[in-house]
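Sequence lines, in order, name chains B and U. For the first sequence, our numbering gives the first residue as 1, with consecutive numbering after it. For the second sequence, our numbering gives the first residue as 1001, with consecutive numbering after it.
Each hint should be verified, as a subset may be incorrect.
To be verified - Here are the computed lysine-lysine pairs in the DSSO-like style, where the Cα-Cα straight-line distance is at most 30 Å:
| id | chain 1 | residue 1 | chain 2 | residue 2 |
| --- | --- | --- | --- | --- |
| 1 | B | K84 | U | K1501 |
| 2 | U | K1395 | B | K84 |
| 3 | U | K1172 | B | K84 |
| 4 | U | K1174 | B | K84 |
| 5 | B | K84 | U | K1232 |
| 6 | B | K84 | U | K1115 |
No lab work stands behind these hints, which were simulated from the structure alone.
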Amino acid sequence: MLAFLVQRISQAFLVMFVISVIAFAIQDGLGDPLQQMVGMSVSQDEREAIRDDMGLNDPLVVQYFRFAGNALQGDLGTSYFYGKPTLDVILEHLPATLELVIGASLIIIVFSVPIGVYAAIRPQAWLAKFFMGISTVGISIPVFLTAIVLIQLYSIGVTVDWFPADTGWGRWLNGALSTDGGLPSYGRGDELTHLFGTWDSGFFSESGLWHLVLPSVSLASIMLPLFIRLIRAEMMEVLQSDYIRYARAKGLSAVRVNFLHALKNTMLPVITVGGVQIGIMVAYTILTETVFQWPGVGLMFLEAITRSDIPLIVAYLMVVGLIFVITNTLVDLIYGLVNPTVKLTGKKA
Amino acid sequence: MKKLLTAFVGSVALAAAPMAMSAEANKELKMAYDADPVTLDIHEQLSGGMLQLSHMTFDPLIRWTKDLEFEPRLAKSWERIDENTMRFELREGVKFHSGNDLTTKDVKFTFDRLKQSQDYKAIFQPFSELKVIDDYTFELITKQPYPLLLNTATYIFPMDSEFYTGKTEDGKDKSAITKHGNSFASENLSGTGPYVITDRQQGVRVEFERFDDYWDTKSPGNVGKITLTPIKENNTRVSALLSGGVGFIAPVPPTDLERIRRDDDSNLVTMSGTRIILFHMNQDRVEAFKNPKVREAIAYAINQEGIAAKIMKGFATPAAQMSPAGYQGHNESLTPRFDVAKAQQLMKEAGYEDGFTITMMAPNNRYVNDDKIAQAVAAMLARINIKVDLKTLPKAQYWPEYDERAADMMMIGWHADTEDSANFFEFLTFCPDAESGTGQYNAGNYCNPELDALVNKANVETDLEKRAAMLQEVEKRLYEDAAFVPLHWQDLAWASKENVKIEPILNVMNFPYLGDLVIE
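Same shape as in the complex, but just chain B:
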């Protein structure tokens, strides 16, 4: 266990080092940060003076060592745009992203397990086929399209008048296809509850929760079908195995067999895949946050790129790298707890 953690921590350092080097190497391609800071009519001489002042004229190697030296002391630089330490900026934006991810995860967990299990137990039922069909569609629609459609339907609202309104069925169809709108389409709302530090939460007010709905659903839309299919596939495989047949033969109740014996073994691969998906989730939060103007780290990162805010870009990449290492470590640990036969550190047999 200890050996495992030591190994992981040294891996983390290696990952950070590689990320920082790559981020530094590409910074020339990110453009000139000064362009965002000065008006067009500022002369070249003035620009050079500011560049000197900011240390942008030093060779890249010098800049890197200056950065690395500060980073080892916990200082990841100062954002050009925010004028604040980059870590502070990231910590300010992180709660919004985490709440979005939590919202989406809740939706995924609440829906994927029952639907996946149901589809595995009754693969031939029409409802199961319906869910599978929907999930194929869900996987293939890009998240920003889902988001835009959701905004049109539930924020702005759609009035359908294709069918004759003077007939009962026409009115019913029009009514069924029309939506009211009214859900918030951007941001986190005004009423945030301060928890601690930089964490202002939207979970404790009605307005905050309403603001979470559309972004969470959009973000979940890409992962939910994947998990439903995964749980279904794993569950079906487990249900075929000998010990389940034996349990059934012993006369154990269906509920006990399905949910205790089978589901437990189904969840193992699901946890692993889930851990890997967190990384993909980070990428999708960038898209979701952009469409919903959700003030999290994803939006912050995208804007940092358009502003060539290099210190902030580097710091974000490093924080994300750290989150990856930590989640993967946790996933491995949980896996070990659920299935004690798995050895964490590869010992020679």
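Chain B is fixed; fit chain U onto it per the hints.
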């Protein structure tokens, strides 16, 4: 019973009437711009966003009206004393947000600070000093006669000298202007404007509340609270308006104009803008561009009307010069020329019938539809056998390339900080000169000293009619010379909910006077 009820309602209405009159500024406005102010220090950066903030929280000495006239604000009157001097009378009884009174020492402090600011010092370069006469009288003195003195005075937003003087707790100078990193002025603000900032999370929201002691009690403005949310994504900004999440958005992307026009509950305002979009033809890189006939051929080959109609969806005004209507240099006789046959003929005359290959660069996220415009221009040039190798880049990468003059034809958009034609010429067509900084963005390396001299002469001509004639002459000569390829002036668009009356407070400079906004 019914009678009683009517009597009751009537008396409430009577009682409420005087109350409604006294509680003027009680409306709330949520608005979404594509960006939020990068700092609270109005001298740190010269940009549209910063000027918008300046007009909300500070007030200028004088300001532009809708038809580009001057309107007194903190300066209640002004008169010319001699060729180089203008005397201003300051409004009395104006209070800063801090509670301090506005006097000429604040104006002097602001003027001196502007001369220190990297972004503003070029604009204030023609001024030698601001002379204080007494508490409410001062003089602006220029080195030479300067026709744009009043234009420049619109940039003087008096700052609270007492508030911005001294040291912060950690020993930093409160008046310092810092481009990066924090300064006192970038986080604290005391102006005389209609709004004070009550809360600000950069990139997330800014909250404004009406200043209780605002001097302009005649202003019809009745908005007590404003929440500004920056929404960069066009679609999201428009959705926020359509769903009623916000009451006012800017800018409106051309692709959504129809959608907003169709919405009964929304109100769209468009105006022809003052930002010119143009292409430079680099004569140092391409021998053929030295030949005026080739440049003229290109001018004839490009269909400005077509670009404005098809690509910009009518949301641009086709241009044949740099000065938009209303500017002194605007020459009405110049109209877009588009004639492919003529263009082909000119190419033949110049000896380039078989054409040649050039490189072209344009940004793809700076101006409205910039990359599509560049593609269209490239296609149009193909018809006179000029083969274009086009590259479009995000603005962060584009400007370093622009500074290097990295392609044969490059796109640029320009808005004159002084709202004056000479500014266009000085930056875009003057002979490039590293020493004086003129021609800084002249990526065509077009050079005509005669025209430069004429503009310089106009710049010390205080007879505005004579000056206008000179500047119009320059536009005409540049047109005849086909010094560059003008495309169009980008139009401006704002949208609001029906009850938010934005029309009277908008202007071509795109700084809405939100202090005067009325919500019904």
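Does B:K84 sit within 30 Å of U:K1172, going by the straight-line distance between their CA atoms? This hinted pair holds, its Cα atoms lying about 16 Å apart.
Within a Cα-Cα threshold of 30 Å, do B:K84 and U:K1501 meet the stated pairing? Cα-Cα ~38 Å, so violated.
Given the hint that B:K84 pairs with U:K1232, does the C-alpha gap stay at or below 30 Å? Distance ~22 Å between B:K84 and U:K1232 Cα, so the pair holds.
Do the alpha carbons of U:K1174 and B:K84 lie within 30 Å of each other, as the hint requires? With Cα atoms ~18 Å apart, U:K1174 and B:K84 stay inside 30 Å; holds.
Given the hinted pair B:K84 and U:K1115, is their Cα-Cα distance within 30 Å? holds (27 Å)
Is the straight-line distance between the alpha-carbon of U:K1395 and that of B:K84 30 Å or less? holds (24 Å)
Of the numbered hints stated above, the single one contradicted by the structure is hint 1.
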